[in-house]
Structure formats: structure tokens, C-alpha cells
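S.K.: Please build the complex by placing chain B with the ligands on the supplied structure of chain A, with the hints as guidance.
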Amino acid sequence: MPLLSVTNLSTSFHSRRGTVRVVNSVGFNIDKGETLGIAGESGSGKSVLCYSLTGLVPQPPGTIESGEALFDGCDLLKCTTEKLRSIRGNRIGMIFQDPMTSLNPYLSIGSQLVEPLTIHRGLSKKEASARGIDALTEVGIQDAPRRMRQFPHEFSGGMRQRVMIAMALINNPDLVIADEPTTALDVTVQAQILDLIGALQHKHNSAVILVTHDLGVIAGICKRVMIMYAGRVLESGSAGQVLSRPRHPYTFALQKSMPAFTKRGNELYTIPGAPPDLSREIIGCPFAPRCEFKIDKCVNGPCQLLVHKDGHATACVRINDGDLLLDTKYRAGFTE
Amino acid sequence: MLSFIVRRVIETIPTLFIIATLTFFMVRLAPGGPFSSEKNVSPQVLRNLNEHYGLDKPVLAQYAGYLKNIVKGDLGPSFKYPNRTVNELIATSFPVSLELGVLATALALALGLTAGIIASLRPNSLADYAPMTLAMAGICIPTFVVGPLLALLFGLNLGWVNVSGWHSFPDRVLPAITLGLPYAAYIARLCRSGMLEILPQDFIRTARAKGVPEWKIILKHALKGGILPVVSFLGPATAGIITGSFVVETIFQVPGLGRHFVNAAFNRDYTMVPGIALFYGSLMIVFNMLVDIAYAWLNPRIRLGE
Ligand SMILES: Nc1ncnc2c1ncn2[C@@H]1O[C@H](COP(=O)(O)OP(=O)(O)O)[C@@H](O)[C@H]1O
Ligand SMILES: [Mg+2]
Numbered sequence: 001m002p003l004l005s006v007t008n009l010s011t012s013f014h015s016r017r018g019t020v021r022v023v024n025s026v027g028f029n030i031d032k033g034e035t036l037g038i039a040g041e042s043g044s045g046k047s048v049l050c051y052s053l054t055g056l057v058p059q060p061p062g063t064i065e066s067g068e069a070l071f072d073g074c075d076l077l078k079c080t081t082e083k084l085r086s087i088r089g090n091r092i093g094m095i096f097q098d099p100m101t102s103l104n105p106y107l108s109i110g111s112q113l114v115e116p117l118t119i120h121r122g123l124s125k126k127e128a129s130a131r132g133i134d135a136l137t138e139v140g141i142q143d144a145p146r147r148m149r150q151f152p153h154e155f156s157g158g159m160r161q162r163v164m165i166a167m168a169l170i171n172n173p174d175l176v177i178a179d180e181p182t183t184a185l186d187v188t189v190q191a192q193i194l195d196l197i198g199a200l201q202h203k204h205n206s207a208v209i210l211v212t213h214d215l216g217v218i219a220g221i222c223k224r225v226m227i228m229y230a231g232r233v234l235e236s237g238s239a240g241q242v243l244s245r246p247r248h249p250y251t252f253a254l255q256k257s258m259p260a261f262t263k264r265g266n267e268l269y270t271i272p273g274a275p276p277d278l279s280r281e282i283i284g285c286p287f288a289p290r291c292e293f294k295i296d297k298c299v300n301g302p303c304q305l306l307v308h309k310d311g312h313a314t315a316c317v318r319i320n321d322g323d324l325l326l327d328t329k330y331r332a333g334f335t336e
Numbered sequence: 337m338l339s340f341i342v343r344r345v346i347e348t349i350p351t352l353f354i355i356a357t358l359t360f361f362m363v364r365l366a367p368g369g370p371f372s373s374e375k376n377v378s379p380q381v382l383r384n385l386n387e388h389y390g391l392d393k394p395v396l397a398q399y400a401g402y403l404k405n406i407v408k409g410d411l412g413p414s415f416k417y418p419n420r421t422v423n424e425l426i427a428t429s430f431p432v433s434l435e436l437g438v439l440a441t442a443l444a445l446a447l448g449l450t451a452g453i454i455a456s457l458r459p460n461s462l463a464d465y466a467p468m469t470l471a472m473a474g475i476c477i478p479t480f481v482v483g484p485l486l487a488l489l490f491g492l493n494l495g496w497v498n499v500s501g502w503h504s505f506p507d508r509v510l511p512a513i514t515l516g517l518p519y520a521a522y523i524a525r526l527c528r529s530g531m532l533e534i535l536p537q538d539f540i541r542t543a544r545a546k547g548v549p550e551w552k553i554i555l556k557h558a559l560k561g562g563i564l565p566v567v568s569f570l571g572p573a574t575a576g577i578i579t580g581s582f583v584v585e586t587i588f589q590v591p592g593l594g595r596h597f598v599n600a601a602f603n604r605d606y607t608m609v610p611g612i613a614l615f616y617g618s619l620m621i622v623f624n625m626l627v628d629i630a631y632a633w634l635n636p637r638i639r640l641g642e
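Chains as they are written, first to last, in the working numbering: chain A, 1 to 336; chain B, 337 to 642.
Don't read these hints as lab results, they were simulated from the structure. Predicted model only: the values in this text are computed from it and were never measured. Please note that the accuracy of each hint is not assured.
[Unchecked claim] Dumping the calculated DSSO-like pairs for lysine-lysine here, alpha-carbon to alpha-carbon at most 27 Å:
hint	chain 1	residue 1	chain 2	residue 2
1	B	LYS552	A	LYS83
2	A	LYS78	B	LYS552
3	B	LYS393	A	LYS125
4	A	LYS126	B	LYS556
5	B	LYS408	A	LYS126
6	A	LYS125	A	LYS203
7	A	LYS83	B	LYS556
8	A	LYS126	B	LYS560
9	B	LYS556	A	LYS125
Same shape as in the complex, but just chain A (with noise of 0.2 Å):
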């Protein structure tokens, strides 16, 4: 049985000027000590999804439409809020994308920090800070008693994100939820981060899903690979099916437009037009208008998410039916 696996999940953002759905029928399993990536353009619905898991979904103007998300047995979607906030923190951890404004900068990093224990555990304050002081040694904060006492405005930006990690990490969840952890750090901190977060995955033995806009910071992290677009997903399967032989257009897209899987002196690809209106009911494939592959049936004929016997599920109709793995231009940039 996986440790997560969501169904059918639907989330809308209501307005004066009408719903937009965010998330569109989504669902996905996670083992325990997976980990998954989920990647797709800013505004694809990602951070949204992970918030309709643990709840965080503002609520107006969001409403969770449709799905389940079996965790252990209990549906995150429609158990009460309290039990949901017992899980939270627990046995779900969270890092966030920003660390200048994830960390609450009226409060020690140390108090912080150790509430999880004291809320989920009831440890006293005492045992609390041993055990803060552990969790920050143990993500390689130096001179930890002192810095707990300190405030985030003293800490920088990757110092701040391994306290999050810290936090996030520190009731050994069954699973951590990292919402692009390492987005706004610099390049030469996010590997690091990457390094940490994996190393302690693989101690404490958590699944993690992994949110990024960026694919390259998937490969070699990741066994499985979502890519999602307008609130849908558009491709999943193991790293090496989506990484190594994407089929959908847009996968394709997307690492045509990333460094790290373009060559060296190769001009990077831009993606033509922008994600579309989701105010609007979209009928064919979301991605039809951008794609260069389109044919009369992806905007007109119906989409949906197709799980080939390899275990690789794109929602491409023509890959679908077979008919683009003719197509020469299509066939000419799968091998280049």
C-alpha cells in the first residue's frame, strides 16, 4: 500500500470575476522513502496541490472540488481539522520556497523550531532545546545553543532554509512536502540543500515530494517524475522514462528551455505564448496552443491522461494514439 496516494484531486480559487481551477483531477502514489518530483512552469497549480494535501488551502475564496488523499488510511481531504493539524508537523513536514519569509521574524529561531515537539510529542521545553540543538548540528548549523537563541534577520538565506529543514524534519515525518526549497537561493547553495535534504531522507527514511519549476534539479534526486501544467498533469512515470524518453510535447518543451539538459553552446528553446486562462473551460489539451505538434483533435477531441503498459502516463492524444511517433520533426528532436 503506498504511504500516499491521491485521487481525482480538483481545487478552485473562487472571485468576483468567476473559478478558476487550479488543480484539475490530479492523483498520484507515493511509497514510503520515495521520492517524488513534481515539475511544471510557475503557476501550473504545484504549490496549490501541496497545500490541498495539508490543508492550507486558504479557505474562501479556495474550496478542494473533488478527490481523496489516502495517508495512512485517513483522507487528508476530509478528515477533520483536527486531526489533519495532529498530522501536520508530525508526520508531514513541509519546507517552503522562500526562507526570507517562511521563518517568523518576531521569534527566536530556537522556539521556532522546537514546536513541533512540544505540540505533537509534549516534550518540555528542556528536552525541546537538547533535542533543537541536535536538529540544527544535524543540518550543519555551527555553534547551535547560540544560535538558537538568535532571530532569522540573523541568519542568511541558506542558513535560514536548513532551519526550515530542521524544523520540517524534526518529528521524522513519514513524508516531506518541499515546495521549490531551493528556488530563491543561490546557485551555489542549492546544491547543498539538495545534498542535505536527500541525506536526511535517506536517514530518517521519509518519502519527500519535490516541487520545482526547474527539471534539472529533479534528475538524480528523483525515482519518479510528475510534470504538471494548468492545474493537470501532462506526464508522469519513473525518472528515466520522463527524464530519458519524454513523450509529451511539453516535457519535451521544458528541457528544451533548461540549461542543464540542453548542449553546451546550443541556444536555449523558449516556449512560444503563455499557460492559458484556466477562468475558462479548456476542452482539448491545455498545452495545444503552445505546441508545436498541435492538430485539429488536441484542441477539439478530449484529454485525458493515458497509462501506458510501461507504467508511463502521458495526456498527449496523439502520443495516445500513436500517430506523433510518425512525425518526423517530433522523431528528429526526440533524438537529438
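M.R.: For chain B with the ligands alone, coordinates are given in the frame of chain A:
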């Protein structure tokens, strides 16, 4: 911290000097003198009085003498209350004003913070509009209207409390409410806007993600930052509560320092006026210093004295 306090105290000396100088000359410039309201004073008696209090000396000499006494902490003899010094009068009546002020401030904080927090949790709902409308009314209606109205309703019509005097605890209720109400209203509005600024921030989401209970998110994670506008308002508020207490003490016949100040001005009490002004001036300076210390304690990004 200590160096901040020492520097602050040194910085206040010129302020206090200016207060002493201005009030000293202003009360002397006002027409009449301390003994002009006493009828049937023979010129001989008047001359003796003036001599006794040193009013026969040149003004500048009086001023020099006054400053010399102040430095020693002696505010001089009262002109109006024979045989009593200004220090004594302050010592007996200030505790009453202090009690009134503390009660009013406590009430204002309790009421204002509660209303402000509740309003901020459901912005633009009834739970927001109702207390905020009341707060607006509280700010707009002046004390000299609220005081007599309350006295009329609870004192005369319902007979629950006395309308004047300062003997038992119920006597404190109406003056404290009258004095504290407008500040409760300001505090409610400031607290609401402060909280509304903090609640949507990322670090509140982090607290939720940690499983912090909602009440603790509000009282621990949000209030410390959300209360900052209220704390900076407490400086001017203490000044307002002190001057407001002049009016309230007169309305409810409270034997506090405010009433003495009003009377001293009417009576041209040449030592009482600068004395009380100096005392209140120092008090406000101390309060503002406490407010600054509290602010720096709440907001770790602020360093004292920078
Ligand atoms: N609180 C909110 N109210 C309204 N719309 C929102 C809110 N949060 C996110 N959205 C919308 O949801 C969409 C997806 O956002 P997000 O999940 O943050 O994207 P990503 O994390 O993939 O960059 C965006 O179009 C954004 O405007
Ligand atoms: Mg995001």
C-alpha cells in the same frame, strides 16, 4: 540597554528645562496673581505674602532660585495651599491619578485588543464591522459627553454606582470607562490593521504547517508582530490619558493630580503649575522610554537607540 537608558535620561534634560522655563514664565504672564482672588487682603498682608514667597525679588532672580531648587528635586511651596509643598501635594494626589490611569489603560488594552483581534480574524464580516463601527463612535464622541451620559445612566437612573467621589471600587468604574473608552477604540483599530498585515504572511502558513493550534497561531505567532502599532501608540496614549484625566477627574470629582493642575492654573499657583507640568513631563518621558524598550523587545530587528 543600560547605555540606552542613560543616554535617554541625559537627552531629556533639555526638554525638562524647556518645560520648566516655559511654564514658569507663562503662568507669570497670565493676568492676575496667586493672591488676587483672595478678597479683602490688605496691602500690608499682600506685601508680607509676596515677601514670604519671594515674589518681591526680580523675576530672573526668582527663576534662578526656582531652577536651583528643581535640581535638588524641590518643586517649592504651594501658593494656594499654605504650609504644603508641591512635592507633598503630588505625593498625595498622584497615586489616585495613577490608579485611574492604570485602570483606564488596562481597560483600553483588554477591550481594544480583544475587539481588534476578533475583527481581524473575519475581515469584512459582521464580526469585523460591528466592533469597528463601535470603535469609530468611541473615537468620535468626546469624553465630556460620554462621562456625563454614563453618570446619568448608571449613576442617576439605574443607581448602580456613585456619580462622584473616590471611596470604594465601584467609584472607579465610571471614570475609568470614560477615560479608557476612546483609547480602547484606537487600540482596536490599530490592532486590527496590525493583525491583518501579519495574518496573510508566509510565516503564519509555516506555523499552520507545523500543526500549531489556531489560538496559538493568533496569540503567539501573529500577535507579537500585529501588536506593534498598538505599542507605538501607547506613548502618545499615555500622554492623552494623563491630559484626559484632567477632564475626567473634574467631571467625577476624583481627588487626583489632574484636578489640582486645573485648579492651580485658575489660581495662578506659581509653583504648582510648573511643578505638575515638570512631573507629568518626566512621567511621559519615562513612559515613552518604556514603550521603546517594549517595542525593541517585541521586534528583534529593532536595536535600541538606533
Ligand atoms: N490564494 C489564492 N487565491 C487565488 N488564486 C490563487 C491563490 N493561490 C494561488 N492561486 C492561483 O493558482 C494558480 C497556481 O498557483 P501555484 O500553485 O502557486 O503555482 P506554482 O506553484 O505551480 O507556481 C495561479 O494561477 C495562482 O494565481
Ligand atoms: Mg509555487
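S.K.: Would you mind marking each hint as holding or not holding in the structure?
M.R.: Hints and how they fare:
| no. | hint | in the structure |
| --- | --- | --- |
| 1 | LYS552(B) / LYS83(A) | holds, 17 Å |
| 2 | LYS78(A) / LYS552(B) | holds, 23 Å |
| 3 | LYS393(B) / LYS125(A) | violated, 69 Å |
| 4 | LYS126(A) / LYS556(B) | holds, 19 Å |
| 5 | LYS408(B) / LYS126(A) | violated, 50 Å |
| 6 | LYS125(A) / LYS203(A) | holds, 25 Å |
| 7 | LYS83(A) / LYS556(B) | holds, 21 Å |
| 8 | LYS126(A) / LYS560(B) | holds, 23 Å |
| 9 | LYS556(B) / LYS125(A) | holds, 16 Å |
In the structure shown, a violation is registered for the earlier hints numbered 3 and 5, in ascending order.
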